[in-house]
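Number of protein chains: 2
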Amino acid sequence: MVRGNMSMTFDEFQELIEKMYSRKDRERGSAATFLWLCEEVGELAAALREGTHEDLEAEFADVLAWLATLANVEGVNLSEALHKKYGAGCPGCGGMVCTCEEKP
Amino acid sequence: MVRGNMSMTFDEFQELIEKMYSRKDRERGSAATFLWLCEEVGELAAALREGTHEDLEAEFADVLAWLATLANVEGVNLSEALHKKYGAGCPGCGGMVCTCEEKP
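So the sequences go chain by chain: G and R. Position 9 of the first sequence, counted from 1, bears residue number 8 in numbering that gives the first Met the number 0, the numbering being contiguous throughout. Position 38 of the second sequence, counted from 1, bears residue number 37 in numbering that gives the first Met the number 0, the numbering being contiguous throughout.
Chain G extracted, bound-state conformation (with noise of 0.2 angstroms):
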């Protein structure tokens, strides 16, 4: 999966998290994996506020990994669903450089 300096596609990730937790993200379910991702947030907060480059690189891979867990338990393909909302530009203006006044 790792190949060299190419980006990791999420497909590979979502694979990759699938064969390394599966087994216990299917027993723990949806309401508990959003627990482990919202206890995920508050560490990447934490970062922000007084950790160094490599402390947010680990907090948003955890953000990442627990994001990817609660998507194979959904069943939602997170390149597919980048596509649909994000594929064909910004979803309030269409533009591909965003001209909305305020957030979509």
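Honestly, the hints are just simulated from the structure, not real lab data. Fair warning: there could be bad hints in the mix.
[Stated by the list, open to error] Keeping only pairs whose Cα atoms sit at most 30 angstroms apart, straight-line, the calculated DSSO-like set for lysine-lysine is:
id	chain 1	residue 1	chain 2	residue 2
1	G	LYS18	R	LYS84
2	G	LYS83	R	LYS23
3	R	LYS84	G	LYS83
4	G	LYS23	R	LYS84
5	G	LYS83	R	LYS83
6	R	LYS18	G	LYS83
7	G	LYS23	R	LYS83
8	R	LYS83	G	LYS18
9	R	LYS23	G	LYS84
10	R	LYS18	G	LYS84
11	R	LYS84	G	LYS84
[As the list claims (entries may be wrong)] Pairwise CB distance ranges, derived in the manner of DEER restraints:
id	chain 1	residue 1	chain 2	residue 2	range
12	R	GLY91	G	SER29	20 to 26 angstroms
13	G	GLU26	R	LYS83	23 to 29 angstroms
14	R	CYS92	G	SER29	21 to 27 angstroms
15	G	GLU26	R	ARG25	40 to 46 angstroms
16	R	GLU14	G	GLY93	14 to 20 angstroms
17	G	GLY74	R	ALA87	24 to 30 angstroms
18	R	MET95	G	LYS83	29 to 35 angstroms
19	R	GLU26	G	LYS23	39 to 45 angstroms
20	G	ARG25	R	ARG25	37 to 43 angstroms
21	G	ARG48	R	THR98	32 to 38 angstroms
22	G	GLU26	R	LYS23	38 to 44 angstroms
23	R	CYS99	G	GLY94	43 to 49 angstroms
24	R	LYS18	G	GLY28	33 to 39 angstroms
25	R	GLY91	G	GLY93	42 to 48 angstroms
Computed from a predicted model, the values in this text were never measured in an experiment. Each residue gets a CB set at the ideal place from its N, CA and C atoms; glycine is no exception.
With chain G fixed as given, assemble chain R onto it according to the hints.
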């Protein structure tokens, strides 16, 4: 960026979000961006509780969009962060299939 059935890479998505929203993101800064991320995490909770599959896809996409925005503001490459933390196996037990007793 859309490549038929191929999965999006984390770099492609960070670049898309950078191109689409970077002007506003730089002005907003990390703390305010984190608030938007948390709002979307809340909307994901609502979709888990009572949303359709399409609602779930849209909310996962929005959480990822704000996470990518925050990573862009902080200068974190998400793909690199994932490789470092999960590319060589579970951070707890080191296995490609986790055998930790509890969450690592």
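Hint by hint, here is what the structure shows:
1. LYS18/G to LYS84/R: Within the cut-off at roughly 15 angstroms; holds.
2. LYS83/G to LYS23/R: holds (23 angstroms)
3. LYS84/R to LYS83/G: Measuring from Cα to Cα gives roughly 28 angstroms; hence the hint holds.
4. LYS23/G to LYS84/R: holds (19 angstroms)
5. LYS83/G to LYS83/R: holds (29 angstroms)
6. LYS18/R to LYS83/G: holds (18 angstroms)
7. LYS23/G to LYS83/R: With Cα atoms ~23 angstroms apart, LYS23/G and LYS83/R stay inside 30 angstroms; holds.
8. LYS83/R to LYS18/G: This hinted pair holds, its Cα atoms lying about 18 angstroms apart.
9. LYS23/R to LYS84/G: Cα-Cα ~19 angstroms, so holds.
10. LYS18/R to LYS84/G: Distance of about 15 angstroms is within 30 angstroms: holds.
11. LYS84/R to LYS84/G: With a Cα-Cα distance of about 28 angstroms, the restraint between LYS84/R and LYS84/G holds, given a limit of 30 angstroms.
12. GLY91/R to SER29/G: 20 to 26 angstroms: Taking Cβ atoms as reference, GLY91/R and SER29/G lie about 22 angstroms apart, which means the hint holds.
13. GLU26/G to LYS83/R: 23 to 29 angstroms: This hint holds: roughly 28 angstroms between Cβ atoms.
14. CYS92/R to SER29/G: 21 to 27 angstroms: At 24 angstroms between Cβs, range holds.
15. GLU26/G to ARG25/R: 40 to 46 angstroms: holds (43 angstroms)
16. GLU14/R to GLY93/G: 14 to 20 angstroms: For GLU14/R and GLY93/G the Cβ distance comes to about 19 angstroms; the hint holds.
17. GLY74/G to ALA87/R: 24 to 30 angstroms: holds (28 angstroms)
18. MET95/R to LYS83/G: 29 to 35 angstroms: Since the Cβ atoms of MET95/R and LYS83/G sit about 30 angstroms apart, the hinted range of 29 to 35 angstroms holds.
19. GLU26/R to LYS23/G: 39 to 45 angstroms: Since GLU26/R and LYS23/G have Cβ atoms about 41 angstroms apart, the given range 39 to 45 angstroms holds.
20. ARG25/G to ARG25/R: 37 to 43 angstroms: About 41 angstroms separates the Cβ atoms of ARG25/G and ARG25/R, which means 37 to 43 angstroms holds.
21. ARG48/G to THR98/R: 32 to 38 angstroms: Roughly 34 angstroms apart at Cβ, these two residues keep to the hinted range, so it holds.
22. GLU26/G to LYS23/R: 38 to 44 angstroms: 42 angstroms Cβ-Cβ, so the 38 to 44 angstroms window holds.
23. CYS99/R to GLY94/G: 43 to 49 angstroms: holds (45 angstroms)
24. LYS18/R to GLY28/G: 33 to 39 angstroms: holds (37 angstroms)
25. GLY91/R to GLY93/G: 42 to 48 angstroms: Hint holds: Cβ distance 44 angstroms, inside 42 to 48 angstroms.
Of the numbered hints stated above, none is contradicted by the structure.
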